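Q: So the chains spell out like this:
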Amino acid sequence: MVPTQYYLILSAILFGLGVVAFVFRRNIITIFMSIELMLNAVNLSFVAFSQSMPADHLHKLDGQLFVLFVIVVAAAEAAVGLGIIILTARNRQSLNVERVDLLKL
Amino acid sequence: MSAPLIIFFVLAALAVIGAISLILQKHPIHSALSLIVVMVALAGLYLLMGAEFVAAVQIIVYGGAIMVLFVFVIMLLNAGEEERTDFSKLAKFGGLPLALALTGLLAATMTKHGASIPNPETAGALAPTRDLSNLLFTTFVYPFELTSFLILIAIMGALVLAQRERG
Chain D
1 MVPTQYYLIL SAILFGLGVV AFVFRRNIIT IFMSIELMLN AVNLSFVAFS
51 QSMPADHLHK LDGQLFVLFV IVVAAAEAAV GLGIIILTAR NRQSLNVERV
101 DLLKL
Chain B
106 MSAPLIIFFV LAALAVIGAI SLILQKHPIH SALSLIVVMV ALAGLYLLMG
156 AEFVAAVQII VYGGAIMVLF VFVIMLLNAG EEERTDFSKL AKFGGLPLAL
206 ALTGLLAATM TKHGASIPNP ETAGALAPTR DLSNLLFTTF VYPFELTSFL
256 ILIAIMGALV LAQRERG
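In order, the protein sequence lines correspond to chains D and B. Residue 35 in the working numbering sits at position 35 of the first sequence; the count goes up by one each step and never skips. Each number in the working numbering comes from the position in the second sequence (counting from 1) with 105 added on.
Keep in mind that the hints were calculated from the coordinates and are not lab data. If you're wondering where the values come from, they're calculated on a predicted model, not measured in any experiment. Where is the CB? At the ideal position from N, CA and C, for every residue including glycine. Possibly wrong hints are sitting among the right ones.
[Stated by the list, open to error] Label pairs and their calculated CB-CB ranges:
(1) 105/D x 197/B: 16 to 22 angstroms
(2) 110/B x 90/D: 46 to 52 angstroms
(3) 100/D x 236/B: 42 to 48 angstroms
(4) 213/B x 97/D: 47 to 53 angstroms
(5) 236/B x 97/D: 39 to 45 angstroms
[Said to hold, decoys possible] Dumping the calculated SDA-like pairs for lysine to any residue here, alpha-carbon to alpha-carbon at most 25 angstroms:
(6) 194/B x 60/D
(7) 60/D x 197/B
(8) 197/B x 86/D
(9) 131/B x 83/D
(10) 217/B x 86/D
(11) 197/B x 3/D
(12) 131/B x 92/D
(13) 60/D x 183/B
(14) 197/B x 6/D
(15) 104/D x 109/B
(16) 131/B x 98/D
(17) 131/B x 6/D
(18) 131/B x 54/D
(19) 104/D x 198/B
(20) 104/D x 245/B
(21) 131/B x 183/B
(22) 104/D x 241/B
(23) 194/B x 54/D
(24) 104/D x 244/B
(25) 60/D x 198/B
(26) 60/D x 131/B
(27) 217/B x 6/D
(28) 194/B x 86/D
(29) 217/B x 134/B
(30) 60/D x 164/B
(31) 217/B x 54/D
(32) 197/B x 100/D
[As the list claims (entries may be wrong)] Under 10 angstroms between C-beta atoms, here's a sample of chain D residues computed to sit facing chain B:
(33) 6
(34) 41
(35) 62
(36) 71
(37) 73
(38) 102
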């Protein structure tokens with residue numbers, strides 16, 4: 001059986017890669033995708049913690065339920081966020097986050 | 106090396122390669138396709154852990170609905186290759202070391218405190234979907250109903266944001 005720690009380390013690596021993508025990419029859509037990647041990494045550790053509990057534990061399935069809620073919130077966030085992206089692209093004629101600098105001195 | 110361990114390493118390698126490809130690809134549509142690879146690999150890992158319902162939802166909602174939304178927006182906005190602009194000094198010199206430090210810190214904390222976490226004793230013990238739905242409709246029924254409001258508000262928000270202004 002796969003040790004739970006392996007899943008947790010994989011989750012940390014995926015989260016770190018999501019952070020790297022978030023910091024280094026310039027395209028607003030790719031930045032949004034890296035947020036989804038980070039959410040997925042956290043989901044992985046939720047399920048890993050859930051399955052590491054003994055089979056008769058009262059709260060064994062709670063972790064999996066949290067994952068379902070995270071997925072619902074991520075779906076809502078994707079719908080609203082992509083609406084904002086469409087609006088930004090229409091107003092600024094660009095998808096580059098460096099071009100969205102009205103608040104910059 | 107047992108079979109689950111081999112499957113784990115194959116799927117984990119697939120997920121990490123997909124995530125690295127998401128960073129390195131220049132075109133947003135290629136990044137989106139890499140992200141689909143990551144999500145399918147994660148669904149496989151959920152199946153390996155016995156979370157069959159989560160795996161199905163992962164494929165349907167993430168791999169299906171959300172990624173279709175992303176690809177649709179990329180094509181709607183006709184997003185081309187990313188234009189290169191200068192990084193800020195902090196991102197240029199501090200970004201990669203800081204991200205590596207964050208990953209190392211997370212992994213170190215997980216290994217340190219994860220050593221006390223028991224490993225599942227039975228291989229492929231499935232979490233019954235019936236138990237999951239029982240919990241969802243008894244203990245977690247209020248959050249469950251709240252999510253439907255959240256989705257309703259998100260639909261209206263997306264419609265209001267994306268509609269073309271008249272006049």
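Q: Hinted pair, alpha-carbon criterion (25 angstroms max): residue 131/B, residue 92/D. Please report holds or violated.
A: Holds - the C-alpha atoms of residue 92/D and residue 131/B are around 21 angstroms apart, at most 25 angstroms.
Q: Can we keep the residue 6/D interface hint, with Cβ of chain B closer than 10 angstroms?
A: 6 angstroms, holds
Q: Tell me if the straight-line CA distance from residue 197/B to residue 3/D falls inside 25 angstroms.
A: Violated. Residue 197/B to residue 3/D sits at ~37 angstroms, over the 25 angstroms cutoff.
Q: CA of residue 60/D to CA of residue 198/B, is that 25 angstroms or under?
A: 44 angstroms, violated
Q: Hinted pair, alpha-carbon criterion (25 angstroms max): residue 104/D, residue 244/B. Please report holds or violated.
A: 47 angstroms, violated
Q: Given the hint that residue 131/B pairs with residue 183/B, test it: the Cα-Cα distance must not exceed 25 angstroms.
A: Cα-Cα ~14 angstroms, so holds.
Q: Take a quick look at whether residue 131/B and residue 83/D sit within 25 angstroms of each other, Cα to Cα.
A: 23 angstroms, holds
Q: Do the alpha carbons of residue 60/D and residue 197/B lie within 25 angstroms of each other, as the hint requires?
A: Violated, at about 44 angstroms.
Q: Can you confirm whether the C-alpha distance between residue 104/D and residue 245/B stays at or below 25 angstroms?
A: 44 angstroms, violated
Q: Holds or violated: are the alpha carbons of residue 104/D and residue 241/B at most 25 angstroms from each other?
A: 46 angstroms, violated
Q: Are the Cα atoms of residue 217/B and residue 6/D separated by 25 angstroms or less?
A: Given that 25 angstroms is the threshold and the Cα spacing comes to 12 angstroms, the pair holds.
Q: Quick one, are residue 194/B and residue 86/D close enough, alpha carbons at most 25 angstroms?
A: Distance of about 29 angstroms is beyond 25 angstroms: violated.
In this structure, the earlier hints numbered 4, 6, 7, 8, 10, 11, 13, 14, 15, 17, 18, 20, 22, 23, 24, 25, 26, 28, 29, 38 are contradicted, and the remaining ones agree with it.
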